[in-house]
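S.K.: Here is what each chain is made of, one letter per residue.
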Amino acid sequence: MRMSDVMDRFRIHEDSLTGETVYYTTHPTGVKIAICPKPEFKTAYATFGTKYGSIDNDFSVDGGEFTRVPDGIAHYLEHKLFENEDCGAFERYAKTGACANAYTGYDKTCYLFSCTRHFEEAFGILLDFVQKPFFTEETVEKERGIIAQEIKMYQDSPGWQVFANLMKAMYREHPVRIDVGGTVESISQITPELLYQCYHTFYNPDNMVLTVAGKVDPQRVLELCDELLQPKERHEIVRRSPEDDGKVVQSFIEQESDVPLPLFQLGFKQSYRRISERERILSGIFRSAVFGPISDFYDRMMRKKLINPGFGADSLYLRGASASLFQGMSASPETLRDEIFEEIERVKREGICPRLFECARRSCYGGMVTLFNNADDIADYLCDDLMFGTDTFVAARAAADVTVEEANELFREQYDISNSSLSVVRRGKEGN
Amino acid sequence: MENNENKIYVSTIGEGIRFRSVRETRFKNACIEVHFYYPLKREEVTVNAVLISMLRRSCAKYPQYSELRRALSMLYGAVLDTSVSNIGTCQMLTVGIDYVDDRFIPGDECVSGECAGLLSELIFRPTVGENGSLFREDDLEITLRNAEERIRSRINDKAEYASSRCTEIMCEGEPMSIEPGGYLEDLPGVTREALAQAWRKIISTANVEIIMVGGADHKPVEKIFAQEFGAVARECKGLPAPPVYKEPTEVKEVTERMELQQSKMIMGFRMPILEPDDRTMAARLMSLLFGGATTSLLFKNVREKLSLCYYCSSGYSRSSGLLYVRSGIEEENREQAIEEIKRQLDIIANNAFTDDEFNAAKLFSLSAFDNIADSVGSIESWYSMQFLDGCVRTPEQAAERMKAVTRSQVAECASSARLDTIYLLAPELSEETGEPEGGNENE
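So the sequences go chain by chain: S and H.
Per the numbering used here, residue 1 is the first one in the first sequence, and the count goes up by one each step.
Per the numbering used here, residue 1 is the first one in the second sequence, and the count goes up by one each step.
For reference, chain H alone in the conformation it holds in the complex (with noise of 0.2 Å):
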């Protein structure tokens, strides 16, 4: 099927595996990237988030891994990217490469092809290691030490463990809690044969999307990936239940400690307005308007108006329905930044904001929207991300759909907003004062 513009093309090259292609001349690198969405599952995401690190140590074509990424090289320094992360209730996997287009290689090398074969070559064909077995013990050992000191050191960046956190404490026992990394105290359960099995699984019952952005041609591509697919026994499982609108009873508020400067407030807000519902586009507006941008109004009053912080910003998750307000403070200011955060919530879900500040934060998106066409980076997300979607659309006809956005659709959005859990990460308390040390000593 293609498309009024003739460059987005799409199949379905096996049970719950789609092929999309968007054909773009435009820019001189291109990407293939091969997305699997597996359910969340507390017991599973350590060994599969694993696995996806261990697929580009362990290739049987290229033994040491130092052969891979000399290959790559001669590719013209093609990047490999494999990640993990969720959507909604699926943990998303991702191995793809991105690499110079054909018409920038000197002579006629064709890098496209290559990089395609290369990516099959990783994701079918793990080593095969001690007794017959798929993978090899250094490596895997290799791979969980990685995954280790990977795990250990996501507190180093306070403010997004501060945001995890928030996530664990307001989602306990729901599937957005769980961490699509992985944990600590699972990686001594990750075996080969544990590993084996996941491969197994995840290859045969995950949903995949490929998606491909670039000049060349799609069909040699397609016809890798349908033969790969084709010679495995598929039994896709379909997709998980979306998450489910939970109403908070009252507002959880913790507050942990750590050596710090400076407190993180996480705010945790709950909105029934989730995919496919139809109000998730003024939800995003919402939530621009709010404090998405610099002329939002957290910005405007919170830091410009306030001096209460540098960042004081938020973000909605229209596959969860979640949305956040995320800002780095004094512990003393707390109290103050928290009314003036609701106050503006307060003020978009009675409809008072002004005529400007509304245009202002749809002209944003509307030009965020025009944006995504100017990479191959962002167009292949803008599709990945919409794999749960109940349709898929191109970001002109989300566009449209912004520009339809009203006033009191926005104003709607905000009244549905519950506060749900406050999270504060915080300076220690001194042993002589009491008082949090790091504060404001010098000012």
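Just chain S, with the same shape it has in the complex (with noise of 0.2 Å):
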């Protein structure tokens, strides 16, 4: 192929803000690409992801029965992949110098390396052992020791039992309750004939995406792909989610830990819709207007000794679940949340202070500036944005021009203080 014919495969986004060039395409088995060069650069840095996570328990294919997998399958299914029939794929890396892992989330799982030498030959390793399978009943029994070591790592950790305990908390059914590893339990039931299922289910190319970004050429990138990328047989998805009445289980939830201060972790359940980018910008800027260190009610919480520097507020974005945050540590987290709903109210009444509107847009619009700084970073959030739709540059741009008014509007609709809940981690009564 010349290369002109390769080049012209591409749509080009030339952005102005950042001064970034990406080059997209679908290649013709259906995985979507992007490609951010930066010769400049002494890295390269690509991801191979599928939009398949601890979420996507409960699935049709093509129109068949529904199958509820066992919790942790997608974390399990990454573990496994690294393994292949000859050998597995860090053996391999180890000859190129890459820097290679992968990871699972609610909603996706990525493989991604990084490299500054043998990009290509890193490159190809990536795409074959992301596209060939292999699970024996002996290797996946194999893995189960260090994956039950990987939750029970987690399970040591008092700030993850409190975000655990928040989303039972939000959440009857949907699967965001569950851990993304799983538990011990579960994991006994995985099997290679599921993980084979969920493979073959959600690592088909249309449900896939690669991001490279650094010092790269998008022809050649493409080029390889044209060599490496196997056709398969495409495949119609249908993910269940169970439904839910928009209101949180409960308000409170407690669990005792030898914690010295209690951690604790607020949540605002919103009904959930599809966010813009806009709304994605606004929401950001506010919770720092409002809530953040800029704000005066930061310094009265600070000055009530409720709060310490580890103070923050969050949002949660899946399918089918979306949520204010708040999380940190607290000598009396029930007396913060009541100081936070006082907040709201008197926010929803008067208004966000412009003035702190002003500072939290300008912090807001020097950090999407620079967001497109690190490969890494780069090629992240463009899997993202292939993967759920979204766009950076546009909520790039968003930040030099968003206004107060908007953000008023937007504030009423995510913080329902009748929709909350707390979850607090604590030393019992006793002392433990």
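Simulated from the structure, these hints should not be mistaken for laboratory data.
All figures in this text were calculated on a predicted structure; none of them were measured in a lab.
Backbone N, C-alpha and C fix where the C-beta goes; we use that ideal spot for every residue, glycine too.
All the pointers check out, no bait thrown in.
Residues on chain H that point at chain S, a partial pick, calculated with CB under 8 Å: (1) Lys28; (2) Gln64; (3) Arg70; (4) Thr295; (5) Tyr310; (6) Ser375.
Mind docking these for me? Both chains are given alone in their own frames, and the hints should help you get the complex.
M.R.: Structure, rendered in structure tokens:
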């Protein structure tokens, strides 16, 4: 193929705000691709991901029966994919100097590497092992001990406990209440057959994305994709989401654990809808203007000894679940929650301070402009964009012109104090 | 003095004060970090650590902390960072700022100049409080409570807590055992007077390195700090003596228990190889081959082959010569894990690793050196961590030295490692069975 033929297949986006150029295409196999070359860098970073995570645990393929698979299987599959029939992916990567890894979340699984030499070899290994599952009784069994230790490692983290409990308090049925890794018990039910079933359902090219950033040549990357991506039969996947009445299950959940100071997570459940880039940016800005270190609220809570610098506000956006969150450590999480309620009511009445909104907006703008700074960050943002249909460039531009009026409206929607849960991990009454 | 790439500039701007600028136009952000290196002393670490937090809360120009935070936001989200760590026998106290490079700011605002100015305000002009002395009581109260909560919460990160317990036990009586972030019992002694004294002491006697990485001209920044430090009567004490290698006489084995699901095991080794020893590069490669990557022996054997853990990794500190192996295991597998870890170290010491394993570790390390050039933060920390070394190298120079390391040098490093301490943080024993709780009940 001539060079221009290959390059013609890209849609090229030159972003004036960030100065970046991104090459987009959908490969004939169905894999969505985005490449952001940064020739002045030494590092190249690639991620190959599937829109498949722990919440995709109940599905049907091509109109067939629904299957409910054991908790933690997406994560287990990620571990096992590293092992091919002849040798492990890590062993193969060893010859390239690449630093390779993978992760599984609620709604995605990604395989990645970064390297400064031998990019083509490493890229070939990534595409190859992810497309070649090999599971036997023996290899699946061998992994059980390793994953059990990973699960226990998380269980020893009180920060993880308090979040996991919040999800249980907010959602009755939604699989976000289940830990990504599953439990030691649930992973004992995982078999090679189940792994193959999940693999063939979710690791089909239509459901996958590939992003590359850094010292790479887009044309060469696409040529390698042509060589290495295997066509597969396409399937229609239907993911079953449980009914949700939109209300939290319980407004308070508590666990005793030997922590010096209570840890908390406070969640405001929202009625689920897909939010726009502009709304995503707006909520980040008003969180910081109303509750962040620039706010009067933050200063007041610090003086009342209810928060420390670990206090923060956040959000959760997943298929079928969205919420506004607060987290940190506090001598009295219940008192802090009441203070947050009061502040929410006040802001709903009086509006967000325009001066602080402008402060937070500028800070957000700076953050968005510098987002595309490192190869790994770039590839990760592009990966999310391709997988979930978001557009980080649109979001960056929104940071330049969002207004406080828009913010006030969205704020009212995102904080419903009658629909919140407080999760606390603290020492037992007798000091545990 | 400029090096051959014309991008690194180094000057001495006062007694014991080095200014270094690395000119980089590839990034959208930039940073300026001021590092103070002060001898680690048990009785002074706490007040020094509180001082560094206090400097960000207590600036005369911004009497309220929220005002400072608003000023940072208006500088397009400049991020202030204060941190405390240890390096060799020094406590490293850092006040730094990371900001959007001027080229990406709308209009012709000079954010870099403002950030340098802000940093010097924070360091040199703390609030003057009640009765004309430095710092205010209300700021101190908040800072002390935050310090107390930070110190008490260390235990929440069980793996990290286990590592510091291992160091305390292994290096008892040596400066390395001192916790740079300070001690709970010393907080009540941190008064405004004590802080004012510590501030004068740090400003006038500590070794200082100021590092700037970014696209802007370094001269205005250099000038600001040269003037500020020029107004201080400097009596730099020089650097403390580096750590001394201590041959372990016997292996200390300590098990402590708390509410846990998984045991955290830390094995602490000592090596007589620490800066400025020429062999530190070989020791770094040895640690990488041993347990520093997914291609290393510990990952391949303790995790992949024996399925004993999710993580088992090694880390070597060239400023102290200490080598740690950290893993999360079932308590019942302790002996098996220890045997296997020792066996893998012996394989390296006996030069019995394969060429593939050796080459993979080396290639991995060369890539890591290359990678340093690709972020402002990694360039900055590359230089700040070399302050105590005999000479300062670029990542490229370090990579050249790494290329020259031989198999036998790596084997020699491994054979010099002596096991000093095995520390296990394990689940509490069940009152009924006497067995560890949270064990393999489901397997």
